[in-house]
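Student: So the chains spell out like this:
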Amino acid sequence: MWQGFPLRPDQASTIAQGVDHLYYFLTAIDLFFTAVIFLTIFYFAIRYRRRSEKDQPTQIEGNIPLELLWTLIPLGLVTITFLWGTSLFVQNARPPAAAAEIFVVGKQWMWKIQHPEGIEEINELHVPVNRAVKLTMTSEDVIHDFSVPAFRIKKDVVPGMYTSEWFEATKTGTFHLFCDQYCGTNHALMKGEVIVMEPAAYEQWLSGGVRGETMTQAGAKLYDQLACITCHGTGKGPPLSGIYNRPVKLSDGTTVTADDAYLRESILVPSAKIVEGYPPIMPTYKGQVTEEQLLQLIAYIRSLTPQAGKTDK
Amino acid sequence: MATAAVNPDTRVHYLNADYGIKSWLLTTDHKRIALLYLASITMFFFVGGAAAVLMRLNLIEPNGALVEPATYNKLFSMHGIVMIFFFLIPSIPAVLGNFLVPMMIGARDLAFPRLNLLSWYLYMTGGILALYAVIGGGVDTGWTFYTPLSTTYVNTNVISAALGAFVAGFSSILTGLNFIVTIHKMRAPGMTWFRMPLFLWAIYSTSIIQILGTPVLAIALTLVALERLFHVGVFDPAVGGDPILFQHLFWFYSHPAVYIMILPSMGVISEIVTCFAKKRIFGYSFVAFSSVAIAVISFLVWGHHMFVSGQSIYAGIIFSALSFAVAIPSAIKVFNWTATLYKGSISYDAPMLYALGFIGLFTMGGLTGLFLATLATDQHLHDTYFVVGHFHYIMVGGAVMGYLGGIHFWWPKITGRLYPDGWARLAAAIIFVGFNLTFFPQYLLGYLGMPRRYAIYPPEFQVLNVMSSAGASIQGVGYLIPLIYLIWSIRYGPVAGPNPWGAKGLEWETPSPPPTENFKELPVVTEEAYAYGEKETHVA
Amino acid sequence: MLGHVVPKSTYFLIFGSLLALTALTTGMAYVDLGQWNTIVALVIACSKATLVVLFFMHVRWSTHLMRVVLLSALLWLAILISLTTTDFFSRGWTPVPQSWESSEVVR
Amino acid sequence: MPDGHASTALAHQFEDLEQQHEAASLGMWVFLATEVMFFGGLFAGYAIYRNLHPAGFAAGSHLLNVTIGALNTAVLICSSLTMALAVRAAQLGRKKPLVTFLILTMLLGLAFIVIKLTLEWRHDYLEGFAPGLNFTFAGPNAKSVELFFVFYFLMTGVHAAHMVVGVGVLAMVLAMAWKGRFSPERYNTVETVGLYWHFIDIIWIFLFPLLYLIGGRY
Chain A
1 MWQGFPLRPD QASTIAQGVD HLYYFLTAID LFFTAVIFLT IFYFAIRYRR RSEKDQPTQI
61 EGNIPLELLW TLIPLGLVTI TFLWGTSLFV QNARPPAAAA EIFVVGKQWM WKIQHPEGIE
121 EINELHVPVN RAVKLTMTSE DVIHDFSVPA FRIKKDVVPG MYTSEWFEAT KTGTFHLFCD
181 QYCGTNHALM KGEVIVMEPA AYEQWLSGGV RGETMTQAGA KLYDQLACIT CHGTGKGPPL
241 SGIYNRPVKL SDGTTVTADD AYLRESILVP SAKIVEGYPP IMPTYKGQVT EEQLLQLIAY
301 IRSLTPQAGK TDK
Chain B
314 MATAAVNPDT RVHYLNADYG IKSWLLTTDH KRIALLYLAS ITMFFFVGGA AAVLMRLNLI
374 EPNGALVEPA TYNKLFSMHG IVMIFFFLIP SIPAVLGNFL VPMMIGARDL AFPRLNLLSW
434 YLYMTGGILA LYAVIGGGVD TGWTFYTPLS TTYVNTNVIS AALGAFVAGF SSILTGLNFI
494 VTIHKMRAPG MTWFRMPLFL WAIYSTSIIQ ILGTPVLAIA LTLVALERLF HVGVFDPAVG
554 GDPILFQHLF WFYSHPAVYI MILPSMGVIS EIVTCFAKKR IFGYSFVAFS SVAIAVISFL
614 VWGHHMFVSG QSIYAGIIFS ALSFAVAIPS AIKVFNWTAT LYKGSISYDA PMLYALGFIG
674 LFTMGGLTGL FLATLATDQH LHDTYFVVGH FHYIMVGGAV MGYLGGIHFW WPKITGRLYP
734 DGWARLAAAI IFVGFNLTFF PQYLLGYLGM PRRYAIYPPE FQVLNVMSSA GASIQGVGYL
794 IPLIYLIWSI RYGPVAGPNP WGAKGLEWET PSPPPTENFK ELPVVTEEAY AYGEKETHVA
Chain C
854 MLGHVVPKST YFLIFGSLLA LTALTTGMAY VDLGQWNTIV ALVIACSKAT LVVLFFMHVR
914 WSTHLMRVVL LSALLWLAIL ISLTTTDFFS RGWTPVPQSW ESSEVVR
Chain D
961 MPDGHASTAL AHQFEDLEQQ HEAASLGMWV FLATEVMFFG GLFAGYAIYR NLHPAGFAAG
1021 SHLLNVTIGA LNTAVLICSS LTMALAVRAA QLGRKKPLVT FLILTMLLGL AFIVIKLTLE
1081 WRHDYLEGFA PGLNFTFAGP NAKSVELFFV FYFLMTGVHA AHMVVGVGVL AMVLAMAWKG
1141 RFSPERYNTV ETVGLYWHFI DIIWIFLFPL LYLIGGRY
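Residue numbers (our numbering), protein chains in the order written: chain A, 1 to 313; chain B, 314 to 853; chain C, 854 to 960; chain D, 961 to 1178.
Warning: the hint list may mix true and false statements.
The list that follows gives simulated cross-link-like pairs (lysine to any residue, SDA-like), each with its CA atoms no further than 25 Å apart [stated by the list, open to error]:
1) Lys249(A) to Pro1014(D)
2) Lys861(C) to Glu1151(D)
3) Lys54(A) to Asp734(B)
4) Lys1055(D) to Phe868(C)
5) Lys861(C) to Pro1014(D)
6) Lys236(A) to Val289(A)
Now the stretches of chain D that chain B is said to cover, found in silico as 3 or more residues with beta-carbon under 8 Å [claimed, not checked]:
7) 981-992
8) 1004-1015
9) 1094-1108
Everything labelled a hint here was simulated from the structure, so no lab data went into it.
For glycine and all other residues, C-beta sits at the position ideal for the given N, C-alpha and C.
Same shape as in the complex, but just chain A (with noise of 0.2 Å):
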């Protein structure tokens, strides 16, 4: 494209072009429809100019068949726009079963990244390119936003919540992460970096990574640590191996699937929702867990159930 005047930003992820093919679309419908109405003034506007004050306009009031044209062609491509947009934002939200999964905190005015392996890193996301990645996201504070433009992909990040999206760079790289959920006095300093290498390099820069222990393993050590065993492992809490992704009945009837959102208000709120057949004993971790941890924990969780995943719909 124009190297010193770019129209769009770059098209690095699966999605992005996608996106972009629906931009196109709807910038022509734009054009077109912006150039009917100026050009039609400008020519009504020229060719019926007063002549005189005594001119006397042919008075017309109206046109059945004309309104119903002009109701019928813009709802036709509304029509057309929502199916296409809907079909892409559905597929988008759809991240692929192998997606490897990062974790990402945000923070008054910091972006805090997990890798499953156990690297931490600050405002910078390294990916591996041509591999689909997936982002589990929440707030220690306010709400933020995870946006990267070159990938055409953001998503709120919530307090209280996760929220997720995915992309699959396509290109190697250095691209902007923003903010764009305004957080507060630094919102405009709440940028990064995501840098996309390739395989063999980011194999590298995970090896050279400080790298203490996999998430698992700290959710391993915090396990021992808050004694999580003393219950779950004696049969006075249900048991945590295999439940993961898994429905779960609960004491007053109903059925829950034990996803990433449950595991977390369970160790917050353990009263929330009580598991058929024990007594509500679980005291609360509100406070004792930061949200990094909380992740790390809910990782070891999952480890805990082989293959999880690939059982469910």
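With chain A held as given, fit chains B, C and D onto it using these hints.
Tutor: Just chains B, C and D now, with coordinates in the frame of chain A:
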């Protein structure tokens, strides 16, 4: 055309019927209250505009040419709060609506004149609270007051700003209530619904939004204030509250509020286009019912502000479909105005320039809305400058152009004086050019990914930002010119006479400025609105 | 214009029904109906409100316009509550990714 | 139709008393539509949170006194009856019953407020149920119970504020009735105030089961 232009100073009318500050501050005359609003709204417009100028100046440099990010945040918050709650929402309804609704239906006043005065006092109370918030240290939540930022994490004057918007909201509710009752119950004999000027259909539709939407905003802001005061956890996820609920309550009002701003403008355009083309409106009932349709559908689309907020994607799909639905009545209006010009006798007085500008800019603003109603493109464009460009095309290119057009159209009626038409056309042209230069680059910036509400931005966005800032300064000049010549004309402008434009409508059948009771004797209506020339016998 | 004058007996009848319904709704709370407790309580509340609106507020004898105003208020309330709850009830259905393979397996 | 222009009761902007009367009623109905949405925002928030925290809301509800709630419901229904009878007396131009019923309505309204204030809010506060001030709750779901009490105080508080305004307006209407300002041709003030009063009653009719009867009492 009016020929009997009597010098207004020689007879008694609403402006000289009484003198002294008390006769204004305690007036129940809808025309005087309209002028109270005009003065206060103009003041707020320039306050909000000053904030915009400072913001644009700051954005000339990627690292901020003028102020710290903290100050910049206060500037855009103040710009949003003042412009939306204290300028755009009351602009046309409270000024032109107040002045014209009784005159257009042939009534002596609104149904509840004292309530009308109360509305203005509530508006001023709200305005003073908001100004207090600004002067006493500012507020930096943005006009959206998103939780939990506004409830827990900022230390600025959120409560007084929210309270200001809350009180001004009640002013808006009472104005809407007054208009609805007046239009239902006070029409002159013969003024049937389908003989009403389209301005009244627009004002009526606006009033529906005001009375049914505003109370929900009031509750949302009350909850924010309570949460700030007592930390009870209504929107605090740590306690089980949900910050996204605030967004639902907020946008339930604040999306329809966009139509509180644009619908009255659409009404003004219908009046101006017919007058200066000497034409009956093309498709009266389509234009009339599209106003009501917009008012109703506007309440079904608020979730399109929340496509990437963590809202359920199924709710997103529903809101996306409904958002497209609101495009249809808007398109109908634009096509009908354009068709009205066909075979007209078009003259280019200043109001008509604003009206034609409105049609063009509203078209562009409306069409770019499609990008944001589309889920897949919104995922890229949400909270970028594309959104900023889009809503300024609607609110400035649409609402403000319509407001200025209306002020120019009815100024001779309000004051009895004409303004210098050459200056007025020049100002219209300057505003149009400045506007496009300011906001068109913002579409491009948005697609490139520049987030909104950024005091500091990556250097590659600088060229477009400088263009935008240059446009803003041109626009600023454009707004100052009318301020000067309109004030000048009150004293020195040529006498206008009752109907300088040769327009149709009851308000033009009474002297300018009108007498306090509006009409010497109450009119009886015998013809449709816009009866310019004979009706065509054979409908094409 | 004289509004419709309602006989006193009608008012007392409505009054009696309202008190009876209050007693009923309180009583029903002590009967275990599971999920239905809430529904029964709301149905009773709606019937009481309807009685008040129709008779005490004279909507039974009022013009179409007043009814339109009333019904639009209820319609808008329904819009607010239904579209908001749509979000909250369907949030859990978001197609959440299924892929978790513990990090050791990933690479 | 009465000759409106002869009456000083006709405001200048109206043609006749009928127009004035209809405008006043319509004005009040439109205002009530606004009120429906005002409370509607609260009801929407309530509905969402009750569904998110069913156990906490039930536990909170069980801390309220159903008997007092039901008693207050009955008090308000009585006041609605007396209000309706007051409007009827005004329609028929009977001054004495009008004054009597207005006084009764005010007294019942005051009774409601007094019961609410002394037997409920004061008690709730002393028990430590006031969110943000002194909330203490030992059982499970304490935070959800607190959320319930936020809505409880907010909804009953906003409702009570409407009651206070209503009693104030009734006092003014009473003064006008005392001076004989109303007649069968002109009673729209009584009627519109009546509409407002019944509306407050309806709000309480919904608040009672929604706040006091969650989760049953069995």
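Student: Quick one, are Lys249(A) and Pro1014(D) close enough, alpha carbons at most 25 Å?
Tutor: holds (17 Å)
Student: Mind checking the alpha carbons of Lys236(A) and Val289(A) for me, to see if they're no more than 25 Å apart?
Tutor: holds (22 Å)
Student: Three residues or more, CB to CB closer than 8 Å: is that satisfied between the region 1094-1108 of chain D and chain B?
Tutor: holds (count 4)
Student: Holds or violated: are the alpha carbons of Lys861(C) and Glu1151(D) at most 25 Å from each other?
Tutor: Holds, at roughly 16 Å.
Student: For the pair we were handed, Lys1055(D) and Phe868(C), check the Cα-Cα distance against 25 Å.
Tutor: holds (23 Å)
Student: Verify the proposed pairing of Lys861(C) with Pro1014(D), using a straight-line Cα cut of 25 Å.
Tutor: Between Lys861(C) and Pro1014(D) the Cα gap is close to 43 Å, so the pair fails against 25 Å, i.e. violated.
Student: Would you say the region 1004-1015 of chain D counts as covered by chain B, given the rule of at least 3 residues with C-beta under 8 Å?
Tutor: That given contact holds, which follows from 6 residues of the region 1004-1015 of chain D lying within Cβ reach (below 8 Å) of chain B.
Student: Does the region 981-992 of chain D contain three or more residues whose Cβ lies closer than 8 Å to a Cβ of chain B?
Tutor: holds (count 6)
Student: Does Asp734(B) sit within 25 Å of Lys54(A), going by the straight-line distance between their CA atoms?
Tutor: Distance ~21 Å between Lys54(A) and Asp734(B) Cα, so the pair holds.
Checked against the numbered hints given earlier, the structure breaks only hint 5 and satisfies all the rest.
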